[in-house]
Amino acid sequence: MMYDFGIKCLLLVIKVTKSLNSHVVSVPIFNGLNFFDWNEHVQFHFSFLDLDLVILEEKPTTITDSSNDKEKTYYKAWEKSNKLSLMFIRMTITYSIKTTLPKTESAK
74 MMYDFGIKCL
84 LLVIKVTKSL
94 NSHVVSVPIF
104 NGLNFFDWNE
114 HVQFHFSFLD
124 LDLVILEEKP
134 TTITDSSNDK
144 EKTYYKAWEK
154 SNKLSLMFIR
164 MTITYSIKTT
174 LPKTESAK
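Heads up: the sequence shown begins at 74 in this note's numbering, then just goes up one per residue.
It should be emphasised that the hints constitute simulated quantities derived from the structure, not laboratory data. By construction, the Cβ of each residue, glycine as well, lies at the ideal position given by its N, Cα and C atoms. Misleading hints may appear alongside valid ones.
Derived pair list, reagent style DSSO-like, types lysine-lysine, alpha-carbon separation capped at 30 Å [stated by the list, open to error]:
1) Lys-132 / Lys-145
2) Lys-153 / Lys-132
3) Lys-145 / Lys-176
4) Lys-132 / Lys-176
5) Lys-132 / Lys-156
6) Lys-181 / Lys-132
7) Lys-132 / Lys-171
8) Lys-181 / Lys-149
9) Lys-132 / Lys-149
10) Lys-171 / Lys-149
11) Lys-143 / Lys-153
12) Lys-156 / Lys-143
13) Lys-153 / Lys-171
14) Lys-145 / Lys-181
15) Lys-143 / Lys-171
16) Lys-176 / Lys-153
17) Lys-132 / Lys-143
18) Lys-156 / Lys-181
19) Lys-145 / Lys-156
20) Lys-181 / Lys-153
21) Lys-176 / Lys-156
22) Lys-149 / Lys-176
23) Lys-171 / Lys-156
24) Lys-171 / Lys-181
Restraint ranges, calculated between C-beta atoms of paired labels, are given here [claimed, not checked]:
25) Pro-133 / Met-160: 30 to 40 Å
26) Leu-106 / Asp-138: 42 to 52 Å
27) Thr-177 / Lys-149: 14 to 24 Å
28) Asn-104 / Asn-141: 25 to 35 Å
29) Thr-146 / Gly-105: 20 to 30 Å
30) Tyr-147 / Phe-109: 39 to 49 Å
31) Thr-172 / Thr-146: 35 to 45 Å
32) Ser-179 / Thr-146: 29 to 39 Å
33) Pro-101 / Thr-135: 14 to 24 Å
34) Lys-143 / Gly-105: 36 to 46 Å
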């Protein structure tokens, strides 16, 4: 039974990765001159992929042992949105710009 669950999780990860990649390739690469066009595409895809939580909301307080299930779920959703959004943004920026950007922990 555990084996089936593992396979389902793996397939979900592959599906999400493939979906994210298919959206990335449809976004123009930011080259320093096309910010408005690039930003419009990124905002649309964040919304479509349900990754805009990190843009719309501030980072929630860190979960603790006393956090309730709703707070834990929200925190995990925000963290996932942030991580995938950062990857999405980095994948749509030209290499010469990407290498000069400071490391950041938030997509906002």
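Checklist line | Hint consistency between Lys-143 and Lys-153 [alpha-carbon to alpha-carbon, up to 30 Å] | finding: 15 Å, holds
Notebook entry, point to check: Within 30 Å, alpha carbon to alpha carbon, are Lys-156 and Lys-143?
Noted result: Since the Cα atoms of Lys-156 and Lys-143 sit roughly 20 Å apart, the hinted pair holds (cutoff 30 Å).
Notebook entry, point to check: Are the Cα positions of Lys-132 and Lys-145 separated by 30 Å at most?
Noted result: Holds, at about 13 Å.
Notebook entry, point to check: Between Lys-171 and Lys-149, does the CA-CA distance stay at or below 30 Å?
Noted result: Given pair Lys-171, Lys-149 holds - Cα atoms ~27 Å apart, limit 30 Å.
Check: Is the Cα-Cα distance between Lys-149 and Lys-176 30 Å or less?
Finding: 21 Å, holds
Checklist line | Agreement of Lys-171 and Lys-181 with the hint, judged by alpha carbon distance not exceeding 30 Å | finding: 17 Å, holds
Check: Between Lys-145 and Lys-156, does the CA-CA distance stay at or below 30 Å?
Finding: 16 Å, holds
Margin query: Hinted pair, alpha-carbon criterion (30 Å max): Lys-176, Lys-153. Please report holds or violated.
Written below: Cα-Cα ~18 Å, so holds.
Notebook entry, point to check: Thr-177 and Lys-149, beta-carbon distance inside 14 to 24 Å?
Noted result: Holds, since Thr-177 and Lys-149 (Cβ atoms, about 20 Å apart) stay within the stated range.
Check: For the pair Lys-143 and Gly-105, does the Cβ-Cβ distance stay inside 36 to 46 Å?
Finding: With a Cβ separation near 42 Å, Lys-143 and Gly-105 satisfy 36 to 46 Å, so the hint holds.
Margin query: Given a hint of 35 to 45 Å, does the C-beta separation of Thr-172 and Thr-146 actually sit inside it?
Written below: Holds, at about 36 Å.
Margin query: Just to be sure I understand the hint, the distance between the Cβ atoms of Asn-104 and Asn-141 should be within 25 to 35 Å; is that true here?
Written below: Check failed, 45 Å falls outside 25 to 35 Å.
Checked against the numbered hints above, the structure breaks hints 15, 25, 28, 29, 30, 32 and 33 and satisfies the rest.
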